[in-house]
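Chain order of the listed sequences is E and U.
Its first residue numbered -14, the first sequence is counted upward by one per residue in this note's numbering.
Its first residue numbered -14, the second sequence is counted upward by one per residue in this note's numbering.
Because the hints were derived from the structure by calculation, they are not lab data.
The reader is advised that the hints may include incorrect statements.
Since the list gives no way to pick out one identical chain from another, each pair is judged satisfied if it fits inside one copy or across any two copies.
Calculated cross-link-like contacts (lysine-lysine; reagent style BS3-like; alpha-carbon spacing at most 25 Å) [said to hold, decoys possible]: (1) Lys342 to Lys265; (2) Lys211 to Lys430; (3) Lys245 to Lys211; (4) Lys240 to Lys211; (5) Lys166 to Lys95; (6) Lys342 to Lys268; (7) Lys265 to Lys133; (8) Lys342 to Lys245; (9) Lys95 to Lys133; (10) Lys39 to Lys163; (11) Lys39 to Lys211; (12) Lys192 to Lys211; (13) Lys211 to Lys11; (14) Lys240 to Lys268; (15) Lys166 to Lys133; (16) Lys400 to Lys39; (17) Lys192 to Lys11; (18) Lys11 to Lys95; (19) Lys166 to Lys192.
There are 2 protein chains.
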Amino acid sequence: MQFELTEEFIEQIEQYISNNDGDALKGLLHGFHFADVAELLQELNHEEATYLVKLLDSEITSEALMELDDDFRERILDNLSPSEIADELDEMDTDDAADIIAELDDHIQKQVIDHIEDDEHAADIVDLLRYDEDTAGGLMAKELVRVKETWTVAGCVREMRRQAENVTRVHSIYVTDKHGKLKGRLSLKDLLTASERTHISEIYIPKVDYVNVNTEAEDVARIMQKYDLEAIPVVDDEGILVGRITIDDIVDFIKEEAEKDYQMAAGISQDVEADDSIFKLTKARLPWLMIGMLGGLGAASIITGFQSMMTTFPKIIIFVPLIQATAGNVGVQSSAIVVQGLANNTLKGNIITRLLKESLLALVNGIAIALVVLVISHFLFFTTFLESISIGIAIISVIILAALIGTFVPIVLDKRGIDPAVATGPFITTSNDIFGILTYFLIAKLILGF
Amino acid sequence: MQFELTEEFIEQIEQYISNNDGDALKGLLHGFHFADVAELLQELNHEEATYLVKLLDSEITSEALMELDDDFRERILDNLSPSEIADELDEMDTDDAADIIAELDDHIQKQVIDHIEDDEHAADIVDLLRYDEDTAGGLMAKELVRVKETWTVAGCVREMRRQAENVTRVHSIYVTDKHGKLKGRLSLKDLLTASERTHISEIYIPKVDYVNVNTEAEDVARIMQKYDLEAIPVVDDEGILVGRITIDDIVDFIKEEAEKDYQMAAGISQDVEADDSIFKLTKARLPWLMIGMLGGLGAASIITGFQSMMTTFPKIIIFVPLIQATAGNVGVQSSAIVVQGLANNTLKGNIITRLLKESLLALVNGIAIALVVLVISHFLFFTTFLESISIGIAIISVIILAALIGTFVPIVLDKRGIDPAVATGPFITTSNDIFGILTYFLIAKLILGF
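So here's chain E without its partners, still in its complex pose (with noise of 0.2 Å):
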């Protein structure tokens, strides 16, 4: 079943897009799914793509547009005009569209609202702009299965299949009481078993789970996630059912997340890709590039502080990047699994016990590490006795203190409100550096006494 793409399948695209030769290219993508013109589309130029997409089926060409880098996307469709970007709103779900709407200029908006044929679906796009893009509102859409507890079976199946015809998958049913307010939900199952005049008020499940319009989407996922909802749906203030979220949009919110949790440990402070331009990576790389600098300048301090070592005990010194180099592992090492573990939460205990058990692992670590370096710095290094020992005690107090560091800093800024994962990458690897070639050097002079 899996569709593989091909340099050649490619080229052929291109040739028959540079030939105009719509007909060649309307049967050679016929029956293709949306997920794969997604794509074939991002293999190709802004403009072929743009051609492609205005000559496929808006049904299909709707749903590759939503798969699409947002830039790419939006190149796209400065290309299109406001009829023709309304076409393929017109296919799209309510939450897809009001996305693609507010990426627009604000000019073009009304135009292209104004071109939507189908005026519901119009209205409620619009309706949908209101809300934050990171609320329930902003993730939901208005496609639902709604009956009326006051129905009968029979009533209901009719009244569901006119509704259907709107909504793609039919992922639960909701009920209400005639105002529209979330009454509960009906399983399929006793939809099928009840005899068709039931009323729906004696069937449906009155328990269902819910989130208001304003309920931050992290915590939408997290709901979700925890209670393995397929769909979710949505009530304003007053309990009314105004739409739903559905599981595949949470999955994205899920990746997404991952993802800027991940480049914030890399020291990468915004969402970029590796296609976007350098003055946009410059501008997500360059401060905490900055931030290393600063801890690099401060190391330089404290080194011009010990400098009279370069002379008594130059050995000392050629260990400064091993030292740094330990604080800054260990640091990230505890750093991630606290801002993890903080995450899923489940970090157990209070912060006195795990800050224990962190520095009986971090001991464990360091002996480990300073009897490697002990013996490796006397023989190929020649380091005096009271050398060697001041490296080992070093490694090993660095050890300790760069993962108390990153134990300690997420979790009293996850208690203070602030994301921990700030807290991971070049920070702390940077303030482990200086805190770390301080001791390194405090302990060396209290033991060599220069």
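Position chain U against the provided structure of chain E, taking the given hints into account.
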């Protein structure tokens, strides 16, 4: 609708457990969602949790058990008899039950299976044990609604009612031929609108996505995401429908994969949690620290080689930590972006273009950092003109070099079929430390000519 687990509530529960007051507990926890029960269990110690699992209805606890951490669940199961475990499995979907059985010791497995009441359920579970856990077979469940193409709509609805008893949620209705070969799927909408005497063969949709039992889990996740599927049927090599995979399992899989990548980038080589034993955490963390240590020792050798500078140009030495930090940070940024691009299949163009772009980006960042350092080193650290120039040029070169290594290594690993994520974190930091410091000294030597 949100459930909030308070300290007082947990204390209350613990109190009832220590008083052995089963009735009070049942009353207090009546109507609780399994996910909330799981959250509660996780807050108790394993004896208390075991008490609750034995006390409460298996319909709830079986699902709650699936939500627990593996280690914690194992400790609870250790306290249950084979027949008590079988009671839980009786209520579980076959995929979950098979996962649990696989976790048990060999001699208990057979006893538990013998105690499962429903023979068909037991046979299905045993069948699932054959498959590797990282394949479609290992993810799939046996519960699904299947109809034969020769049936009428009326017969189909009758049969569906029967089958739906065992299926918690009807995701899709699959159509097979009389030998059980997957032919297509049936849309609920079409079933609702067709007349009772229509044959299924006239209304089913012959186009259906599916995977083979041996398809790798990662590919299943990719396919389900790409095509926005909520469930996918699984067939064996003969095309016989043998099971189905639902999106909630895939959501868990995606989360686990994202966490693994995150940990890998942080230098943690196994799937560990903050609450794991010190031994397990050490095993996951120490190897990476050793790699970092080797890097540090390598850097020590390089400085030893340029040791004369400590007396001739001590100011060059004090900027070693700055060079090292910058090289490490740039390398991690570059590799993270490439690793994500590879994972998402969004990396366009060939490797030469990519390296050129990365070089240009590094040049921009490098000049920015170098200018700041140039000014600070000259005015605060009183470096000479030539020393400042050496440091500035070295920073630019090191940033470009680190960016190239960070970009090149993951792409090459990926081309060779190795997970590029191993190249992030300590690995790239360590190699960049060494190359960075070496480059720095070589440039300083060239310009200062010591």
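Against the structure, the hints come out as follows:
1. Lys342 to Lys265: Cα proximity of lysine 342 and lysine 265: across copies only (13 Å, versus 41 Å in one copy).
2. Lys211 to Lys430: Answer is neither: 54 Å inside a copy and 60 Å across each miss the 25 Å cutoff.
3. Lys245 to Lys211: both (21 Å within a copy, 20 Å between copies)
4. Lys240 to Lys211: both (16 Å within a copy, 13 Å between copies)
5. Lys166 to Lys95: neither (31 Å within a copy, 51 Å between copies)
6. Lys342 to Lys268: between (39 Å within a copy, 15 Å between copies)
7. Lys265 to Lys133: Neither. Shortest intra-copy (51 Å) and inter-copy (56 Å) distances fail the 25 Å Cα cut-off.
8. Lys342 to Lys245: Answer is between: at 22 Å across copies they meet the 25 Å cutoff, but 29 Å inside does not.
9. Lys95 to Lys133: neither (34 Å within a copy, 50 Å between copies)
10. Lys39 to Lys163: So lysine 39 and lysine 163 fail the 25 Å test inside a copy (43 Å) and across (44 Å) alike.
11. Lys39 to Lys211: between (42 Å within a copy, 23 Å between copies)
12. Lys192 to Lys211: Result: close within a single copy only, 16 Å intra versus 33 Å inter.
13. Lys211 to Lys11: The answer is between: 22 Å across copies meets 25 Å, while 44 Å in one copy does not.
14. Lys240 to Lys268: within (23 Å within a copy, 29 Å between copies)
15. Lys166 to Lys133: For lysine 166 and lysine 133, the Cα distance is within 25 Å only inside one copy (10 Å; across copies 40 Å).
16. Lys400 to Lys39: Neither. Shortest intra-copy (52 Å) and inter-copy (36 Å) distances fail the 25 Å Cα cut-off.
17. Lys192 to Lys11: between (48 Å within a copy, 19 Å between copies)
18. Lys11 to Lys95: Cα proximity of lysine 11 and lysine 95: none, with 32 Å in one copy and 58 Å across.
19. Lys166 to Lys192: Only inside one copy: lysine 166 and lysine 192 sit 14 Å apart there, 38 Å across copies, limit 25 Å.
When the structure is compared with the earlier hints, violations turn up for hints 2, 5, 7, 9, 10, 16, 18 and for no others.
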